[in-house]
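Colleague: Sequence:
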Amino acid sequence: MSAPIVLEVRDLSKRFTVHQQGGVRVEALQSVDLDLHSGECVALVGPSGAGKSTLIKCIYGNYVPSAGSIRVRHEGAMVELSTAAPHQALLIRRDSIGYVSQFLRVIPRVPTIDIVAEAALAGARAPSPATRAAAVEAAERMLERLGLPRRQWTLPPATFSGGEQQRVNIAHALVRPRPLLLLDEPTASLDRDNRDRVIDLLRAERARGVAMLGIFHDEAVRARLATRTLAIRDLAKETL
Numbered sequence: 001m002s003a004p005i006v007l008e009v010r011d012l013s014k015r016f017t018v019h020q021q022g023g024v025r026v027e028a029l030q031s032v033d034l035d036l037h038s039g040e041c042v043a044l045v046g047p048s049g050a051g052k053s054t055l056i057k058c059i060y061g062n063y064v065p066s067a068g069s070i071r072v073r074h075e076g077a078m079v080e081l082s083t084a085a086p087h088q089a090l091l092i093r094r095d096s097i098g099y100v101s102q103f104l105r106v107i108p109r110v111p112t113i114d115i116v117a118e119a120a121l122a123g124a125r126a127p128s129p130a131t132r133a134a135a136v137e138a139a140e141r142m143l144e145r146l147g148l149p150r151r152q153w154t155l156p157p158a159t160f161s162g163g164e165q166q167r168v169n170i171a172h173a174l175v176r177p178r179p180l181l182l183l184d185e186p187t188a189s190l191d192r193d194n195r196d197r198v199i200d201l202l203r204a205e206r207a208r209g210v211a212m213l214g215i216f217h218d219e220a221v222r223a224r225l226a227t228r229t230l231a232i233r234d235l236a237k238e239t240l
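Residue numbering for the sequence shown is 1 to 240, as defined by our numbering.
Take the hints with a grain of salt, since some may be wrong.
[Said to hold, decoys possible] Simulated pairs of lysine to any residue, SDA-like, Cα-Cα distance not exceeding 25 Å: (1) Lys57 with Glu8; (2) Lys57 with Arg151; (3) Lys57 with Arg233; (4) Lys57 with Gly39; (5) Lys57 with Arg195; (6) Lys57 with Leu230; (7) Lys57 with Ala89; (8) Lys57 with Gly46; (9) Lys57 with Val79; (10) Lys57 with Val42; (11) Lys57 with Arg71; (12) Lys57 with Gly162; (13) Lys57 with Arg125; (14) Lys57 with Ala223; (15) Lys57 with Leu90; (16) Lys57 with Thr131; (17) Lys57 with Leu34; (18) Lys57 with Gly76; (19) Lys57 with Pro86; (20) Lys57 with Ala77; (21) Lys57 with Ser96; (22) Lys57 with Leu104; (23) Lys57 with Gly209; (24) Lys57 with Asp193; (25) Lys57 with Ser69.
I should point out that these hints are in silico values taken from the structure, not numbers from a laboratory.
Being a predicted model, the structure only gives us computed values, none of them experimental.
Based on the provided sequences and hints, a complete structural model is requested.
Modeller: Here it is in structure tokens:
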């Protein structure tokens, strides 16, 4: 029996209207289909500007698709995300989709350990002291696995290097287990040792059944993480 499906994309298209240029419409994605199963890592491939990041942002809910369907496994059932009510979409993102972008966006001046612990607590109403302590422990374990020095845990990540901020970004996304993980160049700002550390962590997540959809311009990273690839068409070149 095959692994359960976690993400199903059907006939997905996205166009943008550029109002500064007289309402010109730009086709970013057209008729994308994808089935992603538990324990898979699908790498999106294609030239820069082909729409790989657009696809990930549509799945996460940053962009509203122009057409098509996005169904995500949420609480044991496949749920249509593209037409979900805003409150339901937020719950799906919180509980079922992890997202590692290339940029860390957090509240300034909040200590790193609190940022990651709050991600572990997401959705908990009035958490008990024991629940909060468990979240802090989970945050500590994740930061240790990512090699972020303990002396930095009480500092806000705005003071960190780009690679250190990216490791906080990854910890924030992975500290709360979710069935689907979206990755947009997760290792782009990391040195070799920390890149390898992140790859090992992501491989462990994949082994326990997390489904991953990612963009990896580093071919060595792609080779170690991806189980297959999906080519995204460059619509701009096709219309030349």
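Colleague: Run every hint past the structure and note whether it holds.
Modeller: A quick look at each hint next to the structure:
1. For the proposed pair Lys57 and Glu8, the alpha carbon gap of about 15 Å is at most 25 Å, so the pair holds.
2. Taking the CA atoms of Lys57 and Arg151, the gap is about 34 Å. The hint is violated against a cut of 25 Å.
3. In summary, the hint linking Lys57 to Arg233 is supported, as the alpha carbons are separated by about 17 Å, within the 25 Å threshold.
4. Of the pairs offered as hints, the one joining Lys57 and Gly39 holds, with about 21 Å between alpha carbons and a cut-off of 25 Å not exceeded.
5. About 23 Å separates the Cα atoms of Lys57 and Arg195, which keeps this hinted pair within 25 Å; it holds.
6. A hinted pair counts as satisfied when its Cα atoms are at most 25 Å apart, and Lys57 with Leu230 qualifies at roughly 16 Å.
7. A threshold of 25 Å between alpha carbons decides the hint, and for Lys57 with Ala89 the separation of about 13 Å falls inside it, so the pair holds.
8. Proposed proximity of Lys57 and Gly46 is supported: the alpha carbons are some 16 Å apart, at most 25 Å.
9. About 17 Å separates the Cα atoms of Lys57 and Val79, which keeps this hinted pair within 25 Å; it holds.
10. Taking the CA atoms of Lys57 and Val42, the gap is about 16 Å. The hint holds against a cut of 25 Å.
11. For the suggested pair Lys57 and Arg71, the alpha carbons sit about 14 Å apart, so the restraint of at most 25 Å is met.
12. Our distance criterion of 25 Å between C-alpha atoms is met by Lys57 and Gly162, whose separation comes to about 22 Å.
13. Taking the CA atoms of Lys57 and Arg125, the gap is near 28 Å; set against the 25 Å cutoff, the hint is violated.
14. For the given pair, Lys57 sits about 23 Å from Ala223 by alpha-carbon distance, which is consistent with the 25 Å threshold.
15. For a cut-off of 25 Å, the pair hint linking Lys57 to Leu90 stands: about 14 Å separates their Cα positions.
16. Our distance criterion of 25 Å between C-alpha atoms is broken by Lys57 and Thr131, whose separation comes to about 32 Å.
17. Distance check on the hinted pair: Lys57 and Leu34 sit about 15 Å apart at the alpha-carbon level, within 25 Å; holds.
18. Taking the CA atoms of Lys57 and Gly76, the gap is near 23 Å; set against the 25 Å cutoff, the hint holds.
19. A C-alpha spacing of about 16 Å is found between Lys57 and Pro86, which places the hinted pair at or below 25 Å, so the restraint holds.
20. Restraint check for Lys57 and Ala77: the C-alpha separation of about 22 Å stays at or below 25 Å, so the hint holds.
21. For the hint pairing Lys57 with Ser96, the CA-to-CA distance comes to about 15 Å; that is within 25 Å, so the pair holds.
22. Between Lys57 and Leu104, the direct Cα distance comes to roughly 15 Å. Compliance with the 25 Å bound is thereby established for this hinted pair.
23. Distance restraint check for Lys57 and Gly209: the Cα-Cα separation of roughly 22 Å lies within the 25 Å cut-off, and the hinted pair is therefore satisfied.
24. For the given pair, Lys57 sits about 29 Å from Asp193 by alpha-carbon distance, which is inconsistent with the 25 Å threshold.
25. For the given pair, Lys57 sits about 14 Å from Ser69 by alpha-carbon distance, which is consistent with the 25 Å threshold.
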